Structure formats: C-alpha cells, structure tokens
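Q: Okay, here's what each chain looks like letter by letter:
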Amino acid sequence: MNVVQSEGVIGREAGFVHDVRAVAGRALRQVPREPAAVLPAVFVPAFFYAVNLGALENLAGTAIDYKAFLLPMAIAFAVTGMSRAPALVIDIQGGYFDRLCMTPVRRSALLLGLMTADVAVITALCLPVIATGAVVGVRFATGLPGLLVFVGFSALWGLAFTCFPYAVALKTGSPAAVNACYIVFFPLFFLTDAVVPKQLLTGWFSTIATYNPVTYLIGALRSLITSGWQLRPLLEGLAAVSALALVGLSLAFAALRARIRMAD
Amino acid sequence: MSDSGGYSVIEEAGRPLETAPPDAVRTVGLVRRFGPTVAVGSLDLRVRRGEIYGFLGPNGAGKSTVVRILCTLLRPSGGTASVAGYDVTEDPQAVRVRIGVALQDAAIDDRQTGRELLSLQGRLYGLSAAQIRTRLGDVLDLVDIGTAIDRRIGTYSGGMKRRLDLAAALIHSPEVLFLDEPTTGLDPHSRSAVWSEVARLNRELGMTIFLTTQYLEEADTLADRVGIISSGRLVAEGSPAVLKHSVGHDVIVAEVEGDDISALEALRSIEGVESTGNADGTFTVRTRDGAAVLGTVAVKLSRAGLHLKGLTMRTPTLDDVYTAMTGSRIEEGEALL
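Line by line, the protein sequences are chains V and W.
With numbering that gives the first Met the number 0, letter number 252 in the first sequence gets 251, and the count goes up by one each step, no holes.
With numbering that gives the first Met the number 0, letter number 262 in the second sequence gets 261, and the count goes up by one each step, no holes.
Hint data in this document are derived by calculation from the structure and do not stem from the laboratory.
If you're wondering where the values come from, they're calculated on a predicted model, not measured in any experiment.
Even for Gly, the Cβ is constructed at its ideal location relative to N, Cα and C.
Incorrect hints may appear among the rest.
A few chain W residues that don't get close to chain V, going by computed Cβ distances all over 10 Å [claimed, not checked]:
id: 1; residue: 30
id: 2; residue: 37
id: 3; residue: 229
id: 4; residue: 230
id: 5; residue: 272
Not the full set, but computed from the structure, chain W residues with beta-carbon under 10 Å of chain V [claimed, not checked]:
id: 6; residue: 48
id: 7; residue: 72
id: 8; residue: 77
id: 9; residue: 93
id: 10; residue: 102
id: 11; residue: 106
id: 12; residue: 107
id: 13; residue: 124
id: 14; residue: 170
id: 15; residue: 173
id: 16; residue: 177
id: 17; residue: 274
id: 18; residue: 275
With the hints as extra help, turn the sequences into a complete structure.
A: This is how it looks when you write it as structure tokens:
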C-alpha cells in the first residue's frame, strides 16, 4: 500500500460561500436518494386540494373562484416542513457532524448550507402545485412576475418554518423531537382563512387567525393569483413571514452555537 | 518562548536565539472536567514533530477526551493545548487546517458514496477540483475497495468504513494525524495494512502521528514514544524499550494454587528478584536474568507447599509497565498479545 504521494499540508480555509455550496451540494445529492422525504410533499397537497375542491367548491358558489382561492393552501402544504433537519440529527448521532466540525468549514455554513438546499427543494416543489392549479384553470392575475413572487414568498415561508426543526435538531439531537415539531404546523395552518374566506370566520377562530402569521402568507399568495398587484397584502405577508423567519433563524443559530459550545 | 506566526521562537534574556518549529502537540496542565468528574487531570504532553506518539491506556482512561480537545471538539477546563504551534482554543481554525482525524467510531455518512465523502472532505479543506482528483487517486489505494468506492457507505463492512475514515483524514495531507484506536474492530489483514500505512506516512512524509490505543502490540510496534494514561493522568512516558526496561529485564509468570502470602514470601526471598506482583493466582517476578532465576522460582514455590500449574518466562510488555505504575492491568478487549 502506498497512499499519500503529495507532500506538505495542502488544506486551507475554503471561504464562506464555498463552504455553503459544499454543504448544500451534499444535502441536494441526498434528495433523489430519499424519495420518501419528498414525494408526500408532491402528493399530499394535490390530495387536499382535490378533496377540498370537491367538498367545498359548490358551497363557495360563484362569489369566489374557489380553485384559485384554495391554491395557496396547497402550496403551504407542499413547502412546509421540507427540511434536512432529520438528516442533521442522523449526522449528530452518527458522529459525522463532529467530523465536519473538525474541518475548517465555517460553523454557520453547516446550517446555511442545509437551508440553502431546503430553499432549492421548496422552490422545485412549488412547480407541480402551480402546474396542478394551471391544469384546473387557475391563472395568475399578476402574470409571470406574480408567479415568481408567489414562488419567492413560498420559499421564504418554507425557510422560516424549517428553522424550527433545525433548532430542535441541534438542541436535542433527537429524531422524535424533530418529528414532533412538525405538529406545530397544523394549528398554524388550519387556524387561518386557508380554506374558508376570512369574513366567514367568527369568534375565537377569527381572533386566532388574525394573529396567525400564516393568515398573512396565505393572503399575500392569494392576492397575487386573484387580485393583481396589491401592496397591502403583500407587505403584510412579507412582514409576517419575515418576522417568523427572523425568530426561526435566531433560534436555529442559537441552537447551533449551543451545540458547538456544548463542548465547552 | 514566544509564538511567532505559528512557530516558537526560543529566547534567552529577551533575545531570539534561534527559530525552531514548534512541537507537534504540546499540553501544559491540561484539565477536562465533566461536572464533578475529572476526565483529564493536569496533563503535560510534548509530542515532537515527525514522531509517532502512542497514547496507551485502558477504556475510560481519558485518551479520547484528550484527542477531542486536541482536535478542537472539546474545550479544556484548564491548562493549555497547542497543535502544530497553534492554541486549540485561541486559534482553532489554524489547528483544523493542519490536522487529520480518524476517531474511534468511523464518523462517516452512510448515505454518501465513498467517493462523495472523500470529495466533500477535500472541498471543505479548500482543495481545488484538480487537487481533489489527485488526492482521491492517492488515497484510493488505502481504501482498497475497488469499485465499491462508488457505492453508498452504508453497504460497506466495518473494516471498509475504518479505512475510508482514515483516507478522509488524509485527503488534505495533514501535518498531524490523530488516530483514535484506528484498528479496533479490524480484521488482522486490515489491521496490518493500517499499521504499514501509518509507519509509511511517518517514515516517508514525516507526518506526526498521535495514536491512541488500548492494544499493547500496536503501541509497541508503531510508536517512537509511548505515554501511558490512567484515570486522566500520565503515569509513564518514554520509548517502548525504555519503558519496558524500567520494569525489569525478564518477567517470570507463575500460575499457582495455594496460599498467596506464602507464595509471595517464597518469591521475594529469591536472590536477583527485582519485584513481584500477584493478580488472581498469577504471580509475576521481574528479574535481570530470568534464565538463572526460573528454576529457583519453581523450587521455592514447591518447597513452600504450593501447587505450580504453569511457569513461563517472557520479556516485559507495556502491560507490565502499566501494572507497575498503576497496580492494575490494561483491559484489552480484543487482546492482541
């Protein structure tokens, strides 16, 4: 056996962008190898979209285009919880996270690389949902630019939400805890006007929906499809999702620091 | 001594006398506590550049904790530690660039292929695509798994994973290589291959190798110097030959049935015996001239009314050194001796 021909240390710090790309590249390579992690995000939204359309479209009557009204729900279902956090837990438990930490990779790149991969997957997952909408006749009142903003909003939401599983993964290193945090999605999602117009919500449900950031995400997405360029819903949606992203990123990076500092 | 650009400048009366490369590993009063437990207690180590340093001790002695500190995974609770001239807490990035690490449990991602893992490792060390190709060619000989390099690591055997782990540690041609129990779980062929490679890396490239092991033969065969650790403290250090010499020239081992005290008294009365020991009915006699004393041992034990079940003579091992220093034996698990 004659292994190392090169002489002298050739390693060096690669640079932040390079680190993020390397970590994201690894994460993206795993995606097609784990179809079970992605396929539900393609089929479940289509299923709920079809079921809700079948059950409620006639009730909605002709006052609203219910197919268009419901599409943001399908998008939210598709992109929420699309995260490499379970894979991060496997890295932590298997010791690979430690191996990465012994390289000169920037610590923040370990997390940002995964999030970058998530955003890429989320963006890709928007396409079949939008295509489904197009097949049933949904058109964007804001045209192609609106569609791009729609995808951008969806990606920002996906990023905001995925921060929480990462925070839990880094804090606990437990797959059960990561899976449990997806449960948060359901109250966040259903306590909105995703399925029923806001003016029909009453009482406590209406109050919660008013303070639920997902309501404003749905509102912004819906406006792009049905109302044309309207500044207010877009700004409200951006503010709500950005605030959630800010909180999520803070928690995730605090957990990363704590994970690394756990060695202190 | 001051530090200048990663190199220590030896000074006298404030004047630099000569510039010398720093030690590969240096710890001063290194302490690591986990709550009330002291895993490493005031450890002073000095590993020179270009040597193979064997860090020997039983499970739980603190070997892996020391390695994790030196590899920047753990912060020390007290004292200082530097690798390749850089402080592990003050300048961990400089340390990381210069070290390669294969930890006790092969820390590799089962979901990647072997080639992907090595390539990613190269990228994280800032290697260009061309450098990665070259280095992959170099280290693939070590992995020695043929076309399986393009299979997912999850399909590899334990030995293949360990070899891949070692290859990943070498991809950037590190200055100091940390091997934490590198042959645990390997078959004899793979173990021998790893030993050969470790020796070659050191001999041909001058790579410093910090090797932790609980295998006496491994330390004895590979290490230029051995540090023996027990309960987080260094109890002996030196070349294997010097350490073994320090506990006597020959060791006579007698398995005896009967009264332990009588046996010990009989053995101690023999002229030329340097020291004696007893563990579970097995008595050890250290002496400068085993051949001259061997017969007397048999006679004395017999005259003391003891039943001699076995009598052998051997040269001292590092286990004898450990026993002499701590009063117990290194538990070897898969003992090689």
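Q: Hint by hint, work out which the structure violates, then give me just those numbers in ascending order.
A: 6, 8, 17 and 18
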